[in-house]
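Number of protein chains: 2
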Amino acid sequence: MAIAVVGSLGLDTIQTPAGRAVEVLGGSAAYFALAARHFIPVSLVAVVGSDFPAEARGALEHPDLDLSGIEVRDGKTFRWEGVYSKDMNTRETLRTELNVFEEFRPRLHDRLRSFTDVFLANIDPVLQREVLDQLKHPRLVLCDTMNYWIHGKRKELLEILKRVRILLINEEEARELTGESLMHKAARAILTLGPEIAVIKQGEHGAFLQSRDLYFTCPAVPIESVIDPTGAGDTFAGGFFGALARMERVTDRTLRAAVVYGCVMASFTVEDFGVLGLARVQRPEILRRADQVMEMTRFSLDNTARLLR
Amino acid sequence: MAIAVVGSLGLDTIQTPAGRAVEVLGGSAAYFALAARHFIPVSLVAVVGSDFPAEARGALEHPDLDLSGIEVRDGKTFRWEGVYSKDMNTRETLRTELNVFEEFRPRLHDRLRSFTDVFLANIDPVLQREVLDQLKHPRLVLCDTMNYWIHGKRKELLEILKRVRILLINEEEARELTGESLMHKAARAILTLGPEIAVIKQGEHGAFLQSRDLYFTCPAVPIESVIDPTGAGDTFAGGFFGALARMERVTDRTLRAAVVYGCVMASFTVEDFGVLGLARVQRPEILRRADQVMEMTRFSLDNTARLLR
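Residue numbers (the UniProt record's numbering), protein chains in the order written: chain B, 1 to 309; chain H, 1 to 309.
Watch out, some of these pointers could steer you wrong.
Unchecked claim - Think about it this way: if two alpha-carbon atoms lie no more than 30 Å apart in a straight line, the pair counts; the simulated DSS-like pairs of lysine-lysine are:
1. Lys185/B <-> Lys86/H
2. Lys86/B <-> Lys76/H
3. Lys136/H <-> Lys86/B
4. Lys136/B <-> Lys162/B
Simulated from the structure, these hints should not be mistaken for laboratory data.
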């Protein structure tokens with residue numbers, strides 16, 4: 001039992017009100033894999049340049065992470081630099097160097113083609129389609145995207161959506177994709193585009209999941225000190241998809257628990273720069289925060305019906 | 001057993017993408033009372049002009065609403081006119097005519113002075129203090145405010161906060177009052193200002209409650225068609241405070257249920273213009289939506305610990 005992620009690996013330079021990190025490991029595949037590995041082994045499909053530092057690779061070396069699908073190409077690794085606003089709700093990209101990522105054409109080796117559970121991280125929908133075309137028996141495919149593709153490759157994105165089981169996007173993207181400003185209506189509109197499940201990431205407000213029969217909301221775990229929000233969405237994806245794939249069956253019960261684990265894992269990422277917060281997490285802390293979400297949301301209406309006049 | 005609200009009554013002219021309503025009953029006291037009356041009798045303390053229409057007064061006539069504290073003064077009733085943005089998340093005030101509300105000095109008649117459970121709606125903190133000074137045995141006092149007072153009468157507001165048990169405000173107000181951008185930190189900062197409980201209204205994201213020992217989040221009930229958000233916050237206050245006062249004891253259990261009823265009642269208000277949606281609500285629908293919130297938030301982590309590697 002294992003899952004695969006096809007996404008980016010890169011070196012991020014991040015400035016937030018809490019400080020600055022220079023050329024640290026980043027990319028959707030890194031955050032996703034480091035979160036999902038707590039639940040299930042993960043194979044990474046990505047590309048790095050010949051300059052990819054041993055330290056960055058070392059952060060991904062773990063018995064539950066298969067790095068054999070990481071292609072090393074002559075040239076420089078993808079780099080991104082951004083600066084966050086004071087409240088960290090917005091960020092400005094100062095620099096994007098695609099480098100070897102510009103020529104990325106994911107080729108899955110034979111064993112990877114047999115994977116049934118795959119996360120298509122936020123990359124060009126044309127590449128997402130090429131990955132899908134290589135899978136022999138796709139069963140549980142989760143897809144992420146962003147405004148850039150919603151505007152620039154809408155047709156290709158809509159084609160992909162017909163072939164994925166779950167779409168994971170944030171509120172702004174859901175609005176732009178569907179034209180609906182009410183979030184639960186946007187989520188239901190997504191279900192008409194192909195996916196049977198839509199998961200909407202809401203940042204500090206948590207996330208919610210919409211399927212035909214289920215509408216489940218989960219708050220974010222409150223964090224004492226938010227240091228760097230980079231990668232929180234991909235970390236959510238890792239916790240959500242790792243837990244869901246590990247539970248094997250897709251039911252209302254497993255979907256609810258998977259969303260909770262997504263929110264829990266994301267909370268570790270924002271506590272430090274890059275993958276540092278996520279990388280040091282231990283099992284007991286994950287369980288403790290999942291219990292915390294339960295405490296934050298549980299209530300009883302026993303005997304309250306009699307309160308009503 | 002009964003509660004009192006001291007707030008505004010007025011005639012609102014409201015334009016939203018869904019249409020327009022002209023000079024309909026509005027004001028914090030109206031929304032609060034029409035929500036809270038489902039749980040407990042409510043006495044209103046407010047002022048209207050001699051032009052207050054019989055139809056508006058009629059909307060408040062109910063066996064559980066005591067209107068004897070509504071002062072009728074010579075002159076015109078408070079009027080407000082506003083227009084909402086396309087997504088209804090922001091609104092522009094086109095006109096505010098304070099009229100008789102400008103001279104409002106709440107005077108509680110003797111029976112009202114014995115009330116222990118009082119909602120001080122969003123009015124000048126100087127008036128809120130005058131109300132508090134008239135109460136013989138205040139027990140459960142809930143206070144609302146707005147940016148206008150946070151900036152313009154900060155000192156007077158801070159004095160009031162030392163004397164109220166629960167502060168209810170929205171996210172933007174919480175940020176401006178405390179200077180904290182993380183909401184749960186803003187809520188905890190409020191607890192250092194006097195209140196033992198802070199309730200933060202988050203609009204389409206629901207609400208959360210923070211006390212010394214409890215952090216409880218509740219999502220908004222998803223609404224098919226949002227017609228007019230006016231009064232949703234005061235309706236939340238009515239559902240929350242009505243249920244809490246009715247349960248008599250302030251415990252983690254009663255606070256959780258009260259927040260749920262606050263979110264439930266607010267969902268009826270946004271479904272139609274002014275108080276129309278709220279005024280026609282029946283008991284079974286309230287119970288159905290409270291169950292719906294339970295369905296939206298419940299999850300089980302049974303056996304999920306074994307998922308973790």
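Status of the hints after comparison with the structure:
no. : hint                  : result
1   : Lys185/B <-> Lys86/H  : holds (15 Å)
2   : Lys86/B <-> Lys76/H   : violated (45 Å)
3   : Lys136/H <-> Lys86/B  : violated (46 Å)
4   : Lys136/B <-> Lys162/B : holds (17 Å)
Taken one by one, the earlier hints fail for this structure at numbers 2 and 3, listed in ascending order.
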